[in-house]
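Undergrad: Sequence:
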Amino acid sequence: MRRLLLILSALAVAACGSGPQSSESSALYGTVPSRAVAVMHFDRCSDALALVLDSTSLFRSLDYGHLSDNEAILSFDYSAGLVPLLSIDAGRASADTSSQVSKLLERAAAEGFRTHYTAASLPRRSAVLISRSQAAIDEAVQHISSGTSILDAPGFREALALGSWPAGEIILKNGAAKRWIPARMLKDRVPRKSLVGFVEGVAQWTVLGFRDYSREGVEVRFQDDGNAGKLSHLFAGLDASECRLGAALPEGTDFVVDLPLADWHRYYDALDECLDVRAVLSRHKGKLAGLARRDGRRPVDLMEEMNPREIALLHWDGHEVLLLRPAKKPAKSGIAPNPYSGHIAAVFGSAFAIADDSFTAPAGEWYVFGNEEDVSEYLDAEKAKFLQEIPKTAKYYLYNDVLSLQADGKNIILNVH
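Mind the numbering: the sequence shown is residues 669 to 1085 in my numbering, read in order.
These are computed hints drawn from the structure, not numbers from a lab. C-beta atoms are modelled at their ideal positions from N, C-alpha and C, and glycine is treated no differently. Possibly wrong hints are sitting among the right ones.
[Claimed, not checked] Calculated cross-link-like contacts (lysine-lysine; reagent style DSS-like; alpha-carbon spacing at most 27 Å):
1) Lys861 with Lys953
2) Lys861 with Lys996
3) Lys1060 with Lys1078
4) Lys1000 with Lys1051
5) Lys861 with Lys846
6) Lys1000 with Lys955
7) Lys1000 with Lys953
8) Lys846 with Lys771
[As the list claims (entries may be wrong)] Distance windows between CB atoms, simulated:
9) Glu1041 with Asp806: 55 to 61 Å
10) Glu826 with Ala787: 49 to 55 Å
11) Ala777 with Ala947: 50 to 56 Å
12) Glu826 with Lys1051: 42 to 48 Å
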């Protein structure tokens, strides 16, 4: 499952985009139970399994015969853990199984799988269902008999309508993020509870669109059901802006969250609206007021003075700093205590909170914040040359040693390394 989890981990950061309208949904969606938390639809079964599952998966060891090039859906329910169900198109509906289907059912049973052949139960098509769980098969059969499926889940049809891609798409239920986010994902950087809450707040559904069977150049779309409390809605109204981070990253950088800002006021106002819809705006304002009382200056007034054009959080070789690029290049000086610790994260969100930002120093066109040792290490570090993929303009950019995710004005592109 390692490859699958790498793809799912893209949801650590969110924004939104637009895409072409999809055609009529595949009949195979009718085999997917309505409570599925992840649905992976592709036009060729064997290629899809090689893309999303690692070589140790029992699904990949099974011989699908002539059905290996057929359309397929790999979906996941959740009981005590993720339970996969594979649905493979078996041709036009027929009352009798073909020899190809019979052979696949026999091979699957010999490998310990549970199976079902839909025959004429689906409109126009038949399908083979395969799972290690009899309960998963039974649930799918019950849904087919009652004429219900994942297509009846709130917002799923709207998610399908976000786009259509030549190879296929993966559709993820954000509200079930705690079910499918890997247990160790970003464990050393973000508390799991915070990460799950963040992903749940992105959108109702997230769609990853594949033009081919590569984990690079994957297009990301979000179905946010028009809810201003979703992070995807927040970014929808913002413009992409100039990104200069590439020249500021130390060698060995393994984690980056970057936010270019065409106008920081627009981002701040959109964030306020988002927090208001979530009924947590008063708590946010209270935190800002507390910092103002503690430090004798309002965080928003500090941002007015600095007029930030880009903010980035980054990790390298065990170090962590926060970078801020102001509209005016800072004057040269040495490392000094930061009298406004916590102010940047308070204004721009917890994605930019670091463990210790008690010191600061200018670094070219940036200010760098962190503990004294990390700031010093950043100033002395050799700058990286390998992150050439960082866009010149973006709404945001995420990079770690597993993936990169970048949003420009029109598209969101995921690359899994």
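Undergrad: Of all the hints given earlier, name the ones this structure violates by number, lowest first.
TA: Result: hints 2, 6, 7, 8, 10 break, sorted rising.
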